[in-house]
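Starting from the known structure of chain A, fit chain B onto it as the hints suggest.
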Amino acid sequence: MTTATLAPRRAAAPATGLGATASQSLAMAWRGLVKVSRTPEQYADVLIQPILFTLMFGYLFGGAVAGSVKGYLPQLLPGILVMTLITASTVTGVQLREDMDKGVFDRFRSLPIARVAPLAGGLLADAVRYVIATVLTMVMGVIMGWRPHAVGAVASGLLVIFCAWAMSWIFAFFGVSARSASAVQGVSFLVLFPLTFLSNSFVPVDTLPGWLQGFVKVNPMSHLVTAVRELTAGGTGGADVAWALLGAVVVIAVFAPLAVRGYMRKV
Amino acid sequence: MNAPAIEARGLVKVFGDNRAVDGVDLDVATGAIYGVLGPNGAGKTTTIKMLATLLSPDAGSARVLGHDVVREAHTVRSIVGLTGQYASVDDDLSARENLVLFGRLLGLGIRGAKAKADALLEEFALTDAATRPLKKFSGGMRRRLDLAASLIAQPPLIFLDEPTTGLDPRTRLQMWDTIRRLVAEGSTVLLTTQYLDEADQLADRIAVIDRGRVVAEGTADDLKRSVGTQSLHLTVASHGGSHDEPGGPVAVTRAAIRSLTGQEAVLTPVSDGARLTAPLDSAAAVSDLLVRLHTAGVEVRELSLSKPTLDEVFLALTGHGAQDSDEPALQEVHA
Numbered sequence: 001m002t003t004a005t006l007a008p009r010r011a012a013a014p015a016t017g018l019g020a021t022a023s024q025s026l027a028m029a030w031r032g033l034v035k036v037s038r039t040p041e042q043y044a045d046v047l048i049q050p051i052l053f054t055l056m057f058g059y060l061f062g063g064a065v066a067g068s069v070k071g072y073l074p075q076l077l078p079g080i081l082v083m084t085l086i087t088a089s090t091v092t093g094v095q096l097r098e099d100m101d102k103g104v105f106d107r108f109r110s111l112p113i114a115r116v117a118p119l120a121g122g123l124l125a126d127a128v129r130y131v132i133a134t135v136l137t138m139v140m141g142v143i144m145g146w147r148p149h150a151v152g153a154v155a156s157g158l159l160v161i162f163c164a165w166a167m168s169w170i171f172a173f174f175g176v177s178a179r180s181a182s183a184v185q186g187v188s189f190l191v192l193f194p195l196t197f198l199s200n201s202f203v204p205v206d207t208l209p210g211w212l213q214g215f216v217k218v219n220p221m222s223h224l225v226t227a228v229r230e231l232t233a234g235g236t237g238g239a240d241v242a243w244a245l246l247g248a249v250v251v252i253a254v255f256a257p258l259a260v261r262g263y264m265r266k267v
Numbered sequence: 001m002n003a004p005a006i007e008a009r010g011l012v013k014v015f016g017d018n019r020a021v022d023g024v025d026l027d028v029a030t031g032a033i034y035g036v037l038g039p040n041g042a043g044k045t046t047t048i049k050m051l052a053t054l055l056s057p058d059a060g061s062a063r064v065l066g067h068d069v070v071r072e073a074h075t076v077r078s079i080v081g082l083t084g085q086y087a088s089v090d091d092d093l094s095a096r097e098n099l100v101l102f103g104r105l106l107g108l109g110i111r112g113a114k115a116k117a118d119a120l121l122e123e124f125a126l127t128d129a130a131t132r133p134l135k136k137f138s139g140g141m142r143r144r145l146d147l148a149a150s151l152i153a154q155p156p157l158i159f160l161d162e163p164t165t166g167l168d169p170r171t172r173l174q175m176w177d178t179i180r181r182l183v184a185e186g187s188t189v190l191l192t193t194q195y196l197d198e199a200d201q202l203a204d205r206i207a208v209i210d211r212g213r214v215v216a217e218g219t220a221d222d223l224k225r226s227v228g229t230q231s232l233h234l235t236v237a238s239h240g241g242s243h244d245e246p247g248g249p250v251a252v253t254r255a256a257i258r259s260l261t262g263q264e265a266v267l268t269p270v271s272d273g274a275r276l277t278a279p280l281d282s283a284a285a286v287s288d289l290l291v292r293l294h295t296a297g298v299e300v301r302e303l304s305l306s307k308p309t310l311d312e313v314f315l316a317l318t319g320h321g322a323q324d325s326d327e328p329a330l331q332e333v334h335a
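Going down the list, the sequences are from chains A and B. Note that this note's numbering has the first sequence beginning at 1, numbered continuously upward. Note that this note's numbering has the second sequence beginning at 1, numbered continuously upward.
Accuracy of the hints is not assured; some may be wrong.
[Said to hold, decoys possible] If you want a taste of the chain B side facing chain A, the calculated C-beta under 7 Å gives, among others:
(1) Arg-71
(2) His-74
(3) Ser-88
(4) Val-89
(5) Asp-90
(6) Asp-92
(7) Leu-93
(8) Glu-97
(9) Leu-101
(10) Leu-105
(11) Thr-268
Keep in mind the hints are simulated off the structure, nothing from the lab. Quick caveat: nothing in here was measured; it's all calculated off a predicted structure. Note that beta-carbon positions come from the ideal geometry of N, C-alpha and C, so glycine has one too.
Same shape as in the complex, but just chain A (with noise of 0.2 Å):
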């Protein structure tokens, strides 16, 4: 037995600097797009609720909450599309359960590769979820009769999409630290329901009763969808996109460290 077959035939522990790990993120996120495309059906939650939604409650709520539908989209569109980009960040934390379970982890596991990117490159796929969410949204609005501020609409998009993906981490931290895939959406779901739908984003606050007013005013989807609604009205924001944005830091600040430690122990 010769030194030359017994010495890696590779170089050495490749680095998991920050370049290195970026990279492997960036081959994770194409193994997440890849997926979608194969199995589109996953993709159904930022498809199909932002065109059945947008359409239900336009013409369901339009003319008794605003006189018309028209009338009614520029208060509607922002709440939709705050409402599905948030449930759309619940996919995170289930999917992330899901592929942990799998065989496939046991791979990842034995690579030398950082830690954490499965983890980053999972969270750069879902934000292909939210443009697309973000942009059918949209264009419905305009299909049915909604004129935003063009600059404006750009910027609480992205606004919008930035704020999600901050979400997605709380998820993401509930799927590492949930028992199974179903719990985690179990858990998702209750959190979100009265989030989403105690707002502003539907109707006018004022026609509530005043404890539920407190509540509503409190709710950071209020801010969101707020600070939508003056960005694409008029193309400048106010108070609430300053508070929409710290909400976000905050939250990533937070459960940033919380999901990827909770990962890291499971891995």
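Chain B only, in chain A's frame:
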């Protein structure tokens, strides 16, 4: 002197109150195939997972090519390839996409990863199925892809966890050829198996694991010497007499086996008789035995010879049978 491929001392892994691995020592030299033989639940997979850094040992230590599996886990990951018992490939990707993904993760460029994937697909005869969904793959194709994925980095040490379990005989032989080729090209292979003949065919040295411990270690010949090259199964009628009655047919048969083979037969009662099993080195002893029994007036109901099964190896080494029934005896000769 080069570091040994694997050097494990007193490895322990406890799951709840189950000591899955209970003090395993292993010494594996480079450039050879090392077989770890044992029934389901013996601790084979857990041991491999600790050596491949997927699990951290609760006690003991292990070095892989001189690197500690706990303190230098990252380095160990870069020099070992692992093919798990359940194919660790992504079902939602095609074969080619799987290999490209793993190549990318291992630091190959896009073009390099694609070239490597194509070369491996060619080598493992998967080129025709390269873009087909994995869900339509047979068990053998899946294993081949899994093994191919383990070889992207050309690791000097490859762990194969039950590489042929569930494969049909032809695919199994192909897998054996592939494993032999890997070693011929300079890799070291550690494989686990439930099949004695597989360990016999492939491994230069074998460790037999039972209940989390190594109960025997040596070359295939060493092991076989302890159980005989064949097993004799003999059913005799006892005509109502007790099995341990001195001078009775069962006792006479036991004595005859003992004097001809030097081995103590294991006795299993059957209806109105007993089945005796003993290791046997040469089939020639059978004719002598039959003559003796005939002379003594013992009624032989059935006689068969078979290669030792894993169960018998276990019986011989541990005094209890393997928990899981194994493959049927390979060559039965009915008298």
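Okay, the hints, checked on the actual structure:
Look at Arg-71 of chain B: its Cβ only gets to about 13 Å from chain A, farther than 7 Å, so that hint breaks. For His-74 of chain B, the interface hint holds, since its Cβ comes within 7 Å of a Cβ in chain A; the closest pair sits about 5 Å apart. Because the beta carbon of Ser-88 of chain B sits about 4 Å from the nearest beta carbon in chain A, less than 7 Å, this interface hint is met. Given the 7 Å rule on beta carbons, the hint for Val-89 of chain B holds: about 6 Å separates it from the nearest Cβ of chain A.
Interface restraint check: Asp-90 of chain B against chain A, minimum CB-CB distance 4 Å, threshold 7 Å, status holds. Look at Asp-92 of chain B: its Cβ gets to within about 4 Å of chain A, closer than 7 Å, so that hint holds up. Restraint check, Leu-93 of chain B versus chain A: the minimum CB separation of about 6 Å is within 7 Å; hint holds. Hint on Glu-97 of chain B holds. Least Cβ distance to chain A is approximately 6 Å, under the 7 Å limit.
Interface hint at Leu-101 of chain B: satisfied, since its Cβ lies 5 Å from the closest Cβ of chain A, which is below the 7 Å cut-off. Against a cut-off of 7 Å between C-beta atoms, the interface hint on Leu-105 of chain B holds, since the closest Cβ of chain A lies about 5 Å away. The closest approach between the C-beta of Thr-268 of chain B and any C-beta of chain A is roughly 40 Å, which is over the 7 Å cut-off, so the hint fails.
Going down the numbered hints, you'll see the structure goes against 1, 11, while the others check out.
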